[in-house]
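K.L.:
Residues per chain are reported as follows:
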Amino acid sequence: MARLATFWFWFAVAAIALLCLGQSFGQSQDVAVIVNPKNNVDNLSMAELAKIFRGERQYWRTDLPVLVLLRAPGSYEREVALRSIFRMTESQYKQYWVSRIMRAEATSPPAELYSSGMTKEGVTSIPGSIACISASDVKPGVKVVRINGRLPGEPGYPLH
Amino acid sequence: MTIARHISFLLVLLLATVIARAQATPEPEQSEAVKALLTRIDKLEQRVAELEGGKNTASTLQPNGQPQGSQIPKAEVVEENLATQMPDDHPQNGRSVEPHFPSMQLHGFADVDFSATDERGSFSGFNLGQFVLHVASPLSKRVAYFGELSFTAGPTSYTADVERSIIRYAYNDYFKLSFGRYHTPINYWNTAFHHGLWLQTTISRPEMIRFGGRFLPVHFLGMLAEGNIPSGSLGLGYEVGLGNGRAGTISRAGDTGDVNSNRAWVARIFARPTSLRDLQIGGAVYRDKITPVPALTGSPTFGEWISSAQIAWTRETPELISEFANVHHLNNLTGTVHNSQAYYIQLAYRLPWEQRKWKPYYRFEYTHVPTTEPLFSTTAFEVTDLVGSTAGVRFDITDFAAFKWEYRHTKHRPADPPVNGVFVQTSFTF
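As you go down the protein sequences, you meet chains W and L in turn.
Letter 106 of the first sequence, counting from 1, is numbered 105 in numbering that gives the first Met the number 0, and no numbers are missing.
Letter 292 of the second sequence, counting from 1, is numbered 291 in numbering that gives the first Met the number 0, and no numbers are missing.
Next comes chain W alone, as it looks inside the complex (with noise of 0.2 Å):
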């Protein structure tokens, strides 16, 4: 009996450890920013990035509207995008873009994807297009902007 409850203490305490580990190196992936090899910006500081995602910068260049893609709740590059670029909840992200529609300084919010690959997908097909996605699943046919001069991976990269 006690040897049964010591091995079920033991387990209890490594499959905790275990799921607080597997939680922690899941939300500590880098997100990288990718556009459109078209596009010709390599670099964004945080605050340029912060501007075009939150609609305040609207064309790349006078011929190149801007089109902000994001995932949809509840992804990983989503929590990212709105905890390190638009330093809002969920809540103040709609609410955001209600009052800016009112305001007549948008006609809609980002579009909003399902999967990395449908978002690889709108990047490598719309020219004006940014978006987040893992790095783990960036693949040829997109262009991985830097951030504050740094590429996913590199040390200080902001967006993880």
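Heads up, a few of these hints could be off.
[Unchecked claim] Below are the SDA-like pairs computed for lysine to any residue, each with C-alpha atoms no more than 20 Å apart in a straight line: (1) W:Lys93 to L:Ala191; (2) W:Lys142 to L:Lys356; (3) L:Lys175 to L:Tyr144; (4) W:Lys93 to L:Phe402; (5) L:Lys356 to L:Pro369; (6) W:Lys138 to L:Lys175; (7) W:Lys138 to L:Asn330; (8) L:Lys175 to W:Arg60; (9) L:Lys175 to W:Val144.
Just so you know, these hints were derived from the structure itself, not from any lab.
Remember, it's a predicted structure, so these values are computed and weren't measured experimentally.
Starting from the known structure of chain W, arrange chain L on it as the hints suggest.
P.N.:
Chain L alone, transformed into the frame defined by chain W:
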């Protein structure tokens, strides 16, 4: 004894974990399910990519001996089918999020109110606030339309009004030109909250910019150039407008034409510094010639100069909005000059408890009009002195609906008794 100790420790540990997780995520089951589904989609996509990568080397025959190509539609056919589907809020693929023109978005705002005051002759009771429909539709990559319609309950029927109707051509971030009917960019509140009462913290607008008020021109019909000013971290922006200005009834804009041949103009500059998020500081000037209808004795016209300054920090911890305006009237018949001032300061704070649903607020407002002011002291165009305080609390029921409770204490002329009132409102967007 050892067993009991172990089991107790285990239970405490499990309980602590459950509590910690429950505190970290307000809706754990739902959010975990969504996360799991999104992860599953990503894994399936990776699996599809792997299978597509290896399909050339794999057998193309089904168990029944038929080639796969006869049952699985070709990629071109699938894409063609997807392309013919109308875009909706749930894109089927990444390409379908490309903007389509026109694509109208409709939003609505409404409110239901209760009021009770000790003003002589007033009755307490419920009333239906404005029902507002807001339309936004991009017409091309550069052109967009915005409209705002309001329906206001009157004693015998509803009054419909086109509050805003704007078509905008955007050349780039630095130059956007639009035509139509605006809320005059002379004031922060007027251009931040419009007719969406849910957007504003309080139940009522400040007296200096209330709808139907006369102190500042709420609406403006004409053209407006706006954009960012290259200024780095200062985040400067501008708005310059040319329009009809005030109508003969000075609370209205000249919707059907100007009341005189002098155009009004307005210019506003503001800064949204990058380092101080949600802060906006600005100032504006407005120039018009007022031709009152009905005419005053001697039919004077008035040259109007309005200058204003605004500061708004809308971060909510705290929220601070304060504005000042000076209205300068030159009587063109007598040459006399009169200056009237108004300001308000509003403070609010989003409380951290209960999922940040509560936001208490307080506003002080003040208006001063000289007794010799010929226009504002005439009954038809009257603006009176005001000293007022508003205290209340806002409770956000959901992300898109709020309850507000408000107490107001106002005093107009020295001889008038003060008025106290209690107001309740539920406002929402849909």
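K.L.:
Against this structure, judge whether each hint is valid.
P.N.:
Taking the hints in turn, this is what the structure says about them:
1. W:Lys93 to L:Ala191: Holds: Lys93 (chain W) and Ala191 (chain L) sit about 16 Å apart, inside 20 Å.
2. W:Lys142 to L:Lys356: violated (41 Å)
3. L:Lys175 to L:Tyr144: holds (13 Å)
4. W:Lys93 to L:Phe402: Holds - the C-alpha atoms of Phe402 (chain L) and Lys93 (chain W) are around 18 Å apart, at most 20 Å.
5. L:Lys356 to L:Pro369: The hint is violated at about 42 Å.
6. W:Lys138 to L:Lys175: violated (37 Å)
7. W:Lys138 to L:Asn330: violated (71 Å)
8. L:Lys175 to W:Arg60: OK: Lys175 (chain L) and Arg60 (chain W) at ~14 Å, within 20 Å.
9. L:Lys175 to W:Val144: violated (28 Å)
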